[in-house]
Amino acid sequence: MWSDLQLGKYEITVLSAYAVALVLIVALIVATWARGRRVRRQLEEAEARLGRNRGEA
Amino acid sequence: MIALLIRDLKLALRAGGGFGLGLAFFLIVVVLVPLGVGPESATLAVIAPGILWVAALLACLLSLDRIFALDHEDGSLDLLATAPIPLEGIVSVKALAHWITTGLPLVLASPVLALLLNLPLAGYGWLVLSLALGTPALSVIGTFGAALTVGLKRGGLLMSLLVLPLYVPTLIFGAEVVKRGAAGQAVDVPLLLLAGITAGAAALLPFASAAALRVNLR
Amino acid sequence: MSIWKYANPVVFMRTSGWLLRWLVPLTAVLMVVGLVWGFAFTPPEMRQGTTVKIIFLHVPSAMLGINAWLMMLVASLIWLVRRHHVSALAAKAAAPVGATMTLIALITGAIWGEPMWGTWWAWDPRLTSFLILFLFYLGYLALWAAIEDPDTAADLTSVLCLVGSVFAILSRYAVNFWNQGLHQGPSLTLMQKQHVADAYWYPLMICITGFILFFVTMVLLRTRTEIRARRLKALLARERMG
Chain W
2 MWSDLQLGKY
12 EITVLSAYAV
22 ALVLIVALIV
32 ATWARGRRVR
42 RQLEEAEARL
52 GRNRGEA
Chain C
4 MIALLIRDLK
14 LALRAGGGFG
24 LGLAFFLIVV
34 VLVPLGVGPE
44 SATLAVIAPG
54 ILWVAALLAC
64 LLSLDRIFAL
74 DHEDGSLDLL
84 ATAPIPLEGI
94 VSVKALAHWI
104 TTGLPLVLAS
114 PVLALLLNLP
124 LAGYGWLVLS
134 LALGTPALSV
144 IGTFGAALTV
154 GLKRGGLLMS
164 LLVLPLYVPT
174 LIFGAEVVKR
184 GAAGQAVDVP
194 LLLLAGITAG
204 AAALLPFASA
214 AALRVNLR
Chain S
112 MSIWKYANPV
122 VFMRTSGWLL
132 RWLVPLTAVL
142 MVVGLVWGFA
152 FTPPEMRQGT
162 TVKIIFLHVP
172 SAMLGINAWL
182 MMLVASLIWL
192 VRRHHVSALA
202 AKAAAPVGAT
212 MTLIALITGA
222 IWGEPMWGTW
232 WAWDPRLTSF
242 LILFLFYLGY
252 LALWAAIEDP
262 DTAADLTSVL
272 CLVGSVFAIL
282 SRYAVNFWNQ
292 GLHQGPSLTL
302 MQKQHVADAY
312 WYPLMICITG
322 FILFFVTMVL
332 LRTRTEIRAR
342 RLKALLARER
352 MG
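As you go down the protein sequences, you meet chains W, C and S in turn. In terms of this note's numbering, the first sequence opens at residue 2 and continues consecutively. In terms of this note's numbering, the second sequence opens at residue 4 and continues consecutively. In terms of this note's numbering, the third sequence opens at residue 112 and continues consecutively.
Hints are not guaranteed to be accurate.
[What the hints assert, rightly or not] Which residues of chain S face chain C? A few of them, derived with a C-beta cut under 10 Å, are:
1) Gly229
2) Asp266
3) Thr268
4) Phe288
5) Trp312
[Unchecked claim] Covered stretches of chain S (in silico footprint by chain W; criterion: 3 or more residues with CB under 8 Å from a CB of chain W, positions within the stretch not fixed):
6) 161 to 167
7) 211 to 218
8) 330 to 337
9) 340 to 348
Calculated directly from the structure, the hints in this document are not laboratory data. Please read all numbers here as calculations on a predicted model, not as lab measurements. Beta carbons: idealized from backbone N, C-alpha and C, even for Gly.
Take these sequences, add in the hints, and give me the full structure.
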């Protein structure tokens, strides 16, 4: 199927448009995911720590 | 309010108040452009309206952070906020003072600088008129930007980023008036739109500026 | 029961967590199907050749670039009027997504314009307005980043969003006025062509739906992160207090 795909003389145009868009979308997803994970981990740590502190008091 | 206006004007005129800096900046930009573009007077005549307007806009921008910064530092802004005058009024007066010290000199100096850029003769009147109508909007919008960034350490660059997109309509209509005027075309539509933006901004934006100021003084 | 119960962070977290379990796979499927269909299984158009495949990126991202700002405007209004924190955080969460969409629309437009108009960039009213919209996004994001206190930041960015919206609309008309009739045609024909051939219409609709869901998913995920970040900040502050 891919070998049948003929983009003709606009091959570079179409491919670069898709490439740029995909790179930007993936970058956004990665940034969102990475920050989400970091904040979530830090929050869990803080909650665990505070829970312990409260227990000792 | 009049006392506040006189106080602001006095402060600006005093040594170190920055009066005239905007004007000098306007001059330098206008001198630099032919050095970059080349001395052909036909080319300069075409781009003169745009250059004059962009230069005026940048000169206005340069002095915006002074509107509230000094008053914020010495605490007089807090005093003003608790004064019996509504904050919206104070903001308007501040914008007016900024216009008198920055916008008005630009308007008066613009014909001389237009000479340097070889603006066609028909454009001079429209240049002065469009700047006179448009620069108040620049001051009012700029006051809003200054109110948003008043408490920030390095607010200057951020303020430029916030304010410049807001200047787009004023710039387009203002330069369009001069361009059409210089070419001898009808200018009534852009002129009215320019005046409309100034009137609308002067009427409504002080509320937004005052709201931003209240948040920052909280 | 009213819509306002979702303004409660706990309810929001529970509901959005449940929603996301369905949204993430659905978004992925729609975007992959729509884009692969658009990329690989659409015929070249008579006039534009294979560059027509770019509309499957360009049109949805352009739509979202504008609508994300609208959503931010509504969220900002809700924050200013009703002081729901989730609303302010949702506006903050939407801004980078909207800015990315606007950037994609601009870049794909430029890439498409090169062979079609013979230039990467024309000061076409539509293009110019989008560039200005992108500048508004940058200013909005910069203001969020510059202010430390979250409530102050939410207030100021909301006010900026309101004022910015008015000026963005003014700019749109000013730009139209400024360059009327010069490059109107090329970008308009693509949008206004009601009789888009079915071969393009179906994948385009799938792509648009996919992009909308992508936006919703991203905003939900980012809002959840912002809510967690605020809770984290509160916990750390309490910890410091002893």
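Do the hints match the structure? See the list:
Annotation: interface hint on Gly229(S) violated; nearest CB of chain C at approximately 23 Å, more than 10 Å. Satisfaction of the interface hint for Asp266(S) is found here, the shortest Cβ-Cβ separation to chain C being roughly 4 Å, below the 10 Å cut-off. Interface restraint check for Thr268(S): the shortest CB-CB distance to chain C comes to about 9 Å, inside 10 Å, so the restraint holds. Proximity of Phe288(S) to chain C holds as hinted, the smallest CB-CB distance being about 7 Å (cut-off 10 Å).
About 35 Å separates the beta-carbon of Trp312(S) from the nearest beta-carbon of chain C, more than 10 Å, and the hint is not met. Residues of the segment 161 to 167 of chain S lying with their CB closer than 8 Å to a CB of chain W number 4, which satisfies the three-residue condition for coverage. Coverage of the segment 211 to 218 of chain S by chain W holds in this model, with 4 residues showing a Cβ closer than 8 Å to a Cβ of that chain against a need of three. Here's how the segment 330 to 337 of chain S fares: 4 of its residues keep a CB closer than 8 Å to some CB of chain W, so the rule of at least three is met and the hint holds.
Here the segment 340 to 348 of chain S counts 5 residues with a CB under 8 Å from a CB of chain W, which clears the bar of 3, and the coverage holds.
In terms of the numbered hints stated before, the structure departs from hints 1, 5, listed from lowest to highest.
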